[in-house]
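Undergrad: For reference, the chains in residue letters:
Number of protein chains: 2
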Amino acid sequence: MRIAIVGSGALGLFYGAHLQRAGNDVRFLLRRDYDAITKNGLQVRSINGDFHLPVVSGFRQAAEIGPVDLVVIGLKTWANDRYPELVGPLVGPETMILTLQNGLGNEERLAELFGADRVYGGVAYLGANREEPGTVCHLAAGRIILGPIMAHNSGHAEELAGLFSAAGIPCHAVADIQRARWEKLVWNIPFNGLCALMQRPVDVLLASSKTTEIISRIMREVIAAANAQGLREPIPDAYADEMITFTRAMTASYRPSMQIDRAEGRPLELEALIARPLQAGQDRGVDMPLTAALYALLDLP
Amino acid sequence: MRIAIVGSGALGLFYGAHLQRAGNDVRFLLRRDYDAITKNGLQVRSINGDFHLPVVSGFRQAAEIGPVDLVVIGLKTWANDRYPELVGPLVGPETMILTLQNGLGNEERLAELFGADRVYGGVAYLGANREEPGTVCHLAAGRIILGPIMAHNSGHAEELAGLFSAAGIPCHAVADIQRARWEKLVWNIPFNGLCALMQRPVDVLLASSKTTEIISRIMREVIAAANAQGLREPIPDAYADEMITFTRAMTASYRPSMQIDRAEGRPLELEALIARPLQAGQDRGVDMPLTAALYALLDLP
Chain A
362 MRIAIVGSGA LGLFYGAHLQ RAGNDVRFLL RRDYDAITKN GLQVRSINGD
412 FHLPVVSGFR QAAEIGPVDL VVIGLKTWAN DRYPELVGPL VGPETMILTL
462 QNGLGNEERL AELFGADRVY GGVAYLGANR EEPGTVCHLA AGRIILGPIM
512 AHNSGHAEEL AGLFSAAGIP CHAVADIQRA RWEKLVWNIP FNGLCALMQR
562 PVDVLLASSK TTEIISRIMR EVIAAANAQG LREPIPDAYA DEMITFTRAM
612 TASYRPSMQI DRAEGRPLEL EALIARPLQA GQDRGVDMPL TAALYALLDL
662 P
Chain B
362 MRIAIVGSGA LGLFYGAHLQ RAGNDVRFLL RRDYDAITKN GLQVRSINGD
412 FHLPVVSGFR QAAEIGPVDL VVIGLKTWAN DRYPELVGPL VGPETMILTL
462 QNGLGNEERL AELFGADRVY GGVAYLGANR EEPGTVCHLA AGRIILGPIM
512 AHNSGHAEEL AGLFSAAGIP CHAVADIQRA RWEKLVWNIP FNGLCALMQR
562 PVDVLLASSK TTEIISRIMR EVIAAANAQG LREPIPDAYA DEMITFTRAM
612 TASYRPSMQI DRAEGRPLEL EALIARPLQA GQDRGVDMPL TAALYALLDL
662 P
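These protein sequence lines are chains A and B, in that order. Be aware that the first sequence starts at 362, since it is given in this note's numbering, and climbs by one per residue. Be aware that the second sequence starts at 362, since it is given in this note's numbering, and climbs by one per residue.
You may find that some hints are simply not true.
Which copy? The list can't say, so a pair holds if one copy fits it or any two copies do.
Stated by the list, open to error - Straight line, CA to CA, 25 angstroms or less: simulated DMTMM-like cross-link-like pairs of lysine to aspartate or glutamate:
1. K571 to D644
2. K400 to E520
3. K437 to E469
4. K571 to E632
5. K400 to E493
6. K437 to D396
7. K400 to E574
Because the hints were derived from the structure by calculation, they are not lab data.
Make the full structure from the sequences, and use the hints.
TA: Structure representation (structure tokens):
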């Protein structure tokens, strides 16, 4: 299968490398790592074992790649207004588009631009960082939950899940990808938000019972917002406790992506990760004072 | 009148200087500014006109001062466990004690130690900073609202108010000093808390409509907590809007004391200013999620 990776950060490089290793024709749209990867290939350092791809197809422009069977998007969401330029040239009549980006609004925008029938959403549970150019470091997890926008594409979603599974990535297809997105937001909003705001890793926040209570309350605000969207099956309140227990078991001093972005002075994924879920909740009459406060403070100039 | 000033920060120096200029025998318990003040006196730079006191009675130990008619306390509240050592030697049979400290719990502790009959609480609306040793800079306001702990002392409270008025400090006595304390907390909790947390002055917070909404919600949490304490007259919800309008008119880039304390790595007055009011509200069943979040985040190690 011919696959283009758009957004070759840690996530894009990690999944692209696995798909190539499994025999697919993978083409990476590269910026920072172009020179290193086209010259020396791609090094994956992974908790599941390191591997190296000596020859990797890297490109600077989407037009050089041309139409592919599948586009996998790992862009930071604040770059979504570049979809036409970065994704457009990759789309032919049969092309499928899978966004593994965080937050809300990505599938919808892709569907507007390229038609809902080819768009699939995926939620990636992956702990990975880029290191020096040409190297990606895999720290934790990696599984993907994906699903179609259009219900009649559930068969194709199963095939996509099979593609990742065959590449060694735990992956399964679900009918209601919106629920999976919201489930991840239950974790992302408090932990990405508070770790970024306070510049403290997850374990420092959870070492305080007062902060843990705030995290739990934010989670319950997000669950209420999720359940107001008409999910096929509601997210139970107990999911908040599960997520806190899960996080306590994570790598010590884990820093969510937004914390790292803020520390390094990069733009934050505030819009997709916090503002849109907040608006979606408020539009359905859900009061979300702590989520609103988090957004207000992270968005201060 | 013989007056001792305990806690000679900006507030203690400012009020002590005015009381001395008006003819009182004022004795300052000094630490940082001892050398400068005993040598060169005390310089007041004020929006109402500068003045200099060439001879000032400074002491390093309360025992050197001995009993006085009035003790005025301007200590940071985290030093309250030093009341016995700092205030004890100043108290004779007729001594009155006036605390101008922030937050809740100060009068109660003084009453436990020295008897409620001599204790008065005051709320100071003062913008002042210390500058180089021996100099205090008065930036804004200065008025005091004070009242007795014991209702039968309202006459003495009027006399104390007269003492300050005669020294050029707008001051009046009220029957319910707890209400005045809570009124100030309505301002102090959101502005001291958020400015300290974000390290931004008040005008930056109020330039964002999202942050202004958070400030307003915190104010309404504090008003609800106040009104649950059985004040003689409740604080109306509209007081929140008044305080925001008042703050918009303040000196540009005003930094509340907790912001400065945090920037300079000093301890914060979290206990008296946020934790006690929060506990007082929660004890009466008032839900205060944003105040609790502010406390949790400011108290993170």
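Undergrad: If a hint holds in the structure, say so; if it doesn't, say that too.
TA: These are the hints, each one checked on the structure:
no. : hint         : result
1   : K571 to D644 : between (29 angstroms within a copy, 16 angstroms between copies)
2   : K400 to E520 : neither (33 angstroms within a copy, 86 angstroms between copies)
3   : K437 to E469 : within (16 angstroms within a copy, 54 angstroms between copies)
4   : K571 to E632 : between (27 angstroms within a copy, 14 angstroms between copies)
5   : K400 to E493 : within (14 angstroms within a copy, 61 angstroms between copies)
6   : K437 to D396 : within (21 angstroms within a copy, 58 angstroms between copies)
7   : K400 to E574 : neither (50 angstroms within a copy, 53 angstroms between copies)
Consistency note: the structure conflicts with the earlier hints numbered 2 and 7.
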